[in-house]
Each structure stands twice: as C-alpha cells, then as structure tokens.
Amino acid sequence: MQWLRDMWTKEGPGIAKNAPKKTGLALFAEIFAREWWEMVKLNILFILGSLLVVTIPAAIVATARISVVLVEDRNVYLLRDFTEAFAKYFVRATLWGLAFAWAVGLGMYAITIYAAGARDNLLFAAPLTIAVFVTVFIVVIACHLMVLMVMRDMPALQLLQLAAMASLIRPMPALAALLFVAALWFLHIILYPLSVFMPATLNFSLGMFAVAFGVHRTAEMVLTVSPASGVHREQHAHDASHT
Amino acid sequence: MASISLKKLNKSYGALTVVHDIDLEIADKEFIILVGPSGCGKSTTLRMIAGLEEISNGELIIGGDMVNEVPSKDRDIAMVFQNYALYPHMTVYKNMAFGLQLRKASRDTIDQKVQEAAKILDITHLLNRKPKALSGGQRQRVALGRAMVRNPAVFLLDEPLSNLDAKLRSTMRAEITKLHKRLDATFIYVTHDQIEAMTMADRIVVMKDGHIQQVDTPQNLYDRPVNMFVAGFIGAPQMNLLPSTIERRGDGYAALFDGRELPLPAHFDKSRIEPYVGRELVIGVRPENLHELPPADITPENLAPFDAVVELAEPMGSEIHLNLTAGGRNLIARVSPRFKAMIDDGVKLVVDTTNMQLFDKETERSILY
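Just so you know, the protein sequences line up as chains L and H, in that order. Be aware that the first sequence starts at 161, since it is given in our numbering, and climbs by one per residue. Be aware that the second sequence starts at 15, since it is given in our numbering, and climbs by one per residue.
No lab work stands behind these hints, which were simulated from the structure alone. Don't take every hint at face value.
Beta-carbon label-pair distances, calculated as ranges [stated by the list, open to error]: (1) L:Ile175 to H:Asp90: 31 to 41 Å; (2) H:Thr231 to L:Ala247: 51 to 61 Å; (3) L:Leu185 to H:Gln233: 34 to 44 Å; (4) L:Lys177 to H:Asp37: 42 to 52 Å; (5) H:Lys146 to L:Leu347: 23 to 33 Å; (6) L:Ile175 to H:His225: 42 to 52 Å; (7) H:Lys146 to L:Ala276: 52 to 62 Å; (8) L:Thr169 to H:Ala250: 43 to 53 Å; (9) L:Gly172 to H:Lys118: 24 to 34 Å; (10) H:Lys362 to L:Ile175: 52 to 62 Å; (11) H:Ile75 to L:Phe357: 53 to 63 Å.
All C-beta atoms in this analysis are idealised placements derived from N, C-alpha and C, irrespective of residue type, glycine included.
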C-alpha cells in the first residue's frame with residue numbers, strides 16, 4: 161500500500177498565486193481536467209433527478225447551478241448544493257421549462273411545416289429561415305435565462321429581459337456551447353456502442369458545463385449593467401470574488 | 015484562557031516508560047517549543063496534550079480543568095501534523111471546513127472562517143484545489159488553516175516544517191511566528207531543529223530520554239545551559255566541550271586543558287568553583303568565542319591564547335567554520351571569512367573565557383548555575 165500512500169502524499173508542483181489566468185478553451189480544458197470526476201457525479205445526479213420526467217427542468221437548472229459554481233471556481237458540495245438548487249428552483253424551472261418547451265416545440269413545428277412547403281414553393285424559404293432563426297434564438301435565450309436564474313434571484317420579467325439582452329449582445333458563445341453539446345451527442349451516436357457510457361457519465365453535465373462556461377461572461381455583463389446588480393449575490397458567491 | 019499544566023505526566027508502554035514525571039507550566043498565549051533528539055518523548059508529550067495518547071500517570075490541566083479523560087475533540091485544541099494529514103480527495107476549502115462541519119457549524123460561519131483563515135495564510139487562490147496539486151509549503155499552510163478555522167485556544171504543532179526545504183522552512187518559521195502574534199493563542203510546537211526552537215519560541219523545553227533537561231528562554235538556554243546535554247544541543251555549531259582541571263591563580267582560577275591555561279572570569283561564583291580545584295571537569299567554549307584576533311571589546315584578563323591544528327575549513331559565506339584538533343580533542347571555531355587557514359596548519363587563536371561554561375564531569379551538570 162506504500163505506493164498508494166505515496167500517490168496521495170507526494171507533493172505537487174504548487175500553484176503560483178500570480179500566474180496569469182487561462183482564458184477561453186484553455187480555461188475550459190483546465191477546469192474539465194480538474195473537475196471531471198465531479199462532472200461524472202453531477203451527470204449521475206442529473207439522471208437521477210430526471211427520472212420522473214416532470215423533474216427534468218429542475219434537474220437541468222440544478223445542474224446549471226453546479227456548473228456555474230465550477231466556472232466561478234468556487235467551493236461546491238455536490239449532493240447538498242444539487243438537492244438544494246433542485247428544491248429551490250423546482251417551480252421556477254418547471255414553469256420556464258414548460259414555456260420554453262412550448263416555444264421551441266412551436267418553432268420546430270413551424271420549421272417542419274415551412275421546410276415541407278419550401279420543397280414545393282421557394283417562397284416558404286423566407287418563413288423557414290425566420291422560424292429557424294427564432295427557434296435557435298429561443299434556445300439561446302433559454303441558455304442565458306437558465307444561467308442568469310442560478311446566478312441571481314430576480315423577478316421573472318426582469319430575468320427574461322436580461323436573458324434576451326444577453327442573447328442579443330453576445331449570442332456566439334452560447335451558440336458555440338450548443339454546437340459543443342451537439343458534437344457530444346453526435347460523437348455518442350457515431351461511436352456507438354463504444355460510447356455507450358457517455359450519456360451516463362458525462363454528456364449531460366459536460367454539456368451543461370459548456371453552456372454555463374459559454375454564457376457566464378455575458379450573464380455577468382448584463383447583471384452588472386442591470387438594476388438587479390444591486391440584489392444580493394447568491395450564497396457563497398463572495399468566495400469566487402477572491403479568485 | 016488556555017494556560018496548561020503538566021503535573022508528573024508519565025507515559026508508559028508496558029514496562030517501558032517513555033515520558034517520565036514531566037512537570038511544566040505553560041502560560042496563556044505562550045509560544046513554547048519542545049525540542050530534543052529523536053526518541054526523547056517530545057512528540058509523545060504533545061500527543062498526550064492533544065488526547066491522542068492516553069496518559070499513564072499524572073495530570074494534564076488545560077484552562078484550569080483537568081482533561082486527562084476529556085476526549086481530544088473537546089479539549090479546544092487543534093493539531094498540525096508533520097505530514098500535514100490533509101484529506102487527498104477533498105479540496106483545500108473542504109479540508110479546512112471539515113472540522114467545522116463535524117461540529118455542525120452553520121454554512122455561513124464555515125465560509126466566513128475558511129475565507130478569513132485563507133486570507134491570513136494567503137491561500138485564497140488555492141481554496142478549490144486538491145492537495146495533490148499543492149507544494150509542501152502550500153500544504154503546510156492549508157494544515158495550519160485547518161487548525162485556525164476552529165479558533166482553538168491551543169495550537170499543537172508536531173514538526174510542521176520538517177518536510178520542507180531549507181528556504182521554505184525559513185520563510186514558514188517567520189510566518190508561524192507572525193501567526194502566533196496575530197492569533198493570540200497558546201502554541202506548543204515540537205521540533206528536533208534547534209534553529210526553529212531558538213528563533214520562534216518564547217520558552218524552550220529541552221528534552222532527553224523522556225526527561226525535561228531545562229526550560230528557559232532561548233537566550234538563557236544558550237548562555238546558561240544547566241548541563242552538558244543542553245550545552246551541546248543548543249547552538250550550531252555545537253559548544254566545544256574540553257576536559258580540564260581547575261587550578262588557583264592568585265585570587266582567581268584557571269582551567270588547564272592540555273597545557274593551555276584559560277583564566278576563569280572574575281564574575282564566576284568562587285564558592286562554586288573552589289570545590290573543584292585540582293579536580294577534572296569539563297569546560298564549554300562556544301565556537302564564536304574562539305577568535306583569530308583578540309576582540310577589542312573583551313578585557314585582556316578574559317582572553318587566553320589557544321593553539322590548534324586545522325583539520326578542515328568550511329566556508330559559510332559570512333564566516334568560516336574551522337574544524338580543529340587540540341590535545342586530542344576536536345573543536346570548532348567560527349572565524350572571519352578573511353581568515354586564511356590551510357589544512358594541517360597550526361593556528362594561534364584567542365579564547366574569550368567570559369561566557370565559558372563549567373560542567374561536573376560525573377554529573378554533567380553545570381557548576382555555575
């Protein structure tokens with residue numbers, strides 16, 4: 161067992177206090193390398209939280225809450241924080257989930273209809289394009305709204321306004337994150353059955369982390385400029401401000 | 015209030031007694047260091063205070079209450095171990111918070127205390143990292159932080175700097191001393207490194223074979239060792255101990271070592287020296303009291319010539335440690351880096367006898383104190 165003890169007690173390289181902080185993909189990779197095991201556990205929590213189907217929105221938002229904490233490099237007690245967020249956001253998440261599911265569903269329906277029409281008449285290409293754009297934009301708003309919801313408590317209308325503002329200001333990071341999520345699932349499909357454990361281990365949590373990572377900076381921007389910035393920050397949020 | 019009393023404290027493992035009847039009074043907010051060679055019982059004593067070792071005999075009183083039977087967790091103490099003992103699967107934050115969680119502290123309280131301790135120790139940027147990424151010094155800070163968050167009345171530190179390199183150890187020595195002043199708590203610190211003891215402690219407890227040899231301030235231990243063990247243990251390089259005989263010289267006395275005559279200073283208590291006239295004893299001369307030139311600030315009657323042969327010269331930068339032989343004995347002198355000496359050369363040094371020590375050859379105890 162000596163080797164096991166040595167593995168645990170061996171000194172590391174140390175962490176420089178004033179080392180330049182990584183940004184972009186390098187930071188994403190660094191956090192993933194550091195927190196991948198937490199993400200695996202988070203993925204399992206998400207799946208367990210989603211088993212009842214109606215709880216899927218709350219599980220998504222709870223996963224977003226943990227992901228934001230990981231992005232902000234703050235301390236997380238996974239099970240406790242997940243269950244607390246799950247309970248705290250259950251009603252809000254469910255209502256917003258229903259609203260966005262309805263909106264995205266409507267968008268998808270419109271896309272299907274206009275795409276079928278466009279095969280016969282090119283005039284339908286214009287509404288098809290608008291439908292695609294609006295649907296994607298709704299998904300981008302949903303991403304921002306979800307992250308903003310777990311970053312700050314605020315009234316629903318203000319939350320929607322800020323999410324829309326963030327989606328207009330910087331939609332690209334959210335789109336990139338959504339592409340990453342799509343790539344994860346694409347990878348799972350093309351590598352099946354080798355990738356059979358991907359959804360069970362990482363796909364949901366890593367996907368949500370990618371969304372939180374992509375959206376977080378914009379969310380902070382809109383929170384700074386909005387009147388809601390005066391509202392108290394989430395509990396424990398102050399320890400991130402030291403990093 | 016965290017004064018600590020050890021009264022006839024004993025620790026035995028079957029027939030083997032490793033700590034013998036230790037009596038020690040530690041004042042509130044004092045920084046006391048237990049020092050001694052390996053196996054002298056210093057860590058066992060600390061562990062008895064911590065409650066990690068059962069007390070075989072005697073009384074341990076903390077803050078006026080006898081705590082022999084009080085579990086470790088209820089003694090209002092925190093301990094920092096040599097190997098840090100951090101939980102490898104927990105982040106720094108969780109390592110520091112764990113003790114408070116077990117005490118059912120509220121989340122806000124835990125967070126506030128962890129943040130405060132992290133700020134003091136300058137480890138805020140490490141809070142969400144695992145110990146495996148941290149260097150030895152950073153781990154040590156975390157271990158200290160884990161003790162600090164509990165805000166204990168007494169800190170017990172068991173060789174906390176032993177695993178660090180020399181440079182970091184020096185930095186951390188200063189950090190811990192500052193921390194003691196800042197926290198205003200009682201610190202009991204175990205080390206075998208006498209430099210740590212000398213630089214950090216309010217008082218030092220020198221131990222050997224489970225017995226306390228001397229308890230005093232660092233300077234007093236250095237200037238007035240009560241026996242040959244303390245004299246040899248405190249000070250680096252260690253004190254030169256030379257067998258000599260005492261002779262009367264007019265009104266005073268002189269120690270004779272291998273034909274060399276070293277006059278004893280007039281301030282020595284004559285009544286203590288008189289019984290040793292004509293008898294063998296051991297004189298102690300610190301390496302810095304062997305000079306290449308007579309120092310201007312020492313009166314000539316306390317100086318004596320001293321011939322020796324150089325065996326080795328160790329340049330230390332600010333000084334040279336000369337390893338010498340004289341009268342079949344090995345000695346060390348600290349001389350100026352400008353002093354040129356070749357191996358096997360005879361050198362003429364000057365002994366300053368002002369701070370010379372005299373020990374009984376049989377009992378090894380000082381005859382001066």
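The hints, checked one at a time:
A beta carbon spacing of about 32 Å between L:Ile175 and H:Asp90 agrees with the range 31 to 41 Å that was offered as a hint. The beta-carbon spacing between H:Thr231 and L:Ala247, approximately 59 Å, falls within the hinted interval of 51 to 61 Å. Checking the proposed 34 to 44 Å range against L:Leu185 and H:Gln233 shows it is violated: the Cβ atoms sit about 59 Å from each other. Checked against the given bound of 42 to 52 Å, the beta carbons of L:Lys177 and H:Asp37, roughly 45 Å apart, stay inside it.
Between H:Lys146 and L:Leu347 the CB atoms are about 29 Å apart, so this pair conforms to the stated range of 23 to 33 Å. Between L:Ile175 and H:His225 the beta carbon distance is about 44 Å. The supplied range of 42 to 52 Å therefore holds. As the Cβ distance of H:Lys146 to L:Ala276 is approximately 57 Å, the hint placing it in 52 to 62 Å holds. Between L:Thr169 and H:Ala250, the C-beta spacing of about 29 Å breaks the proposed range 43 to 53 Å.
Taking the beta carbon of each, L:Gly172 and H:Lys118 are about 32 Å apart, inside 24 to 34 Å as hinted. Restraint check, H:Lys362 to L:Ile175: a C-beta distance of roughly 56 Å satisfies the suggested window 52 to 62 Å. Checked against the hint of 53 to 63 Å, the C-beta distance between H:Ile75 and L:Phe357 comes to roughly 60 Å, which is consistent with it.
In summary, the structure is inconsistent with hints 3, 8 from the numbered list given earlier, while agreeing with the others.
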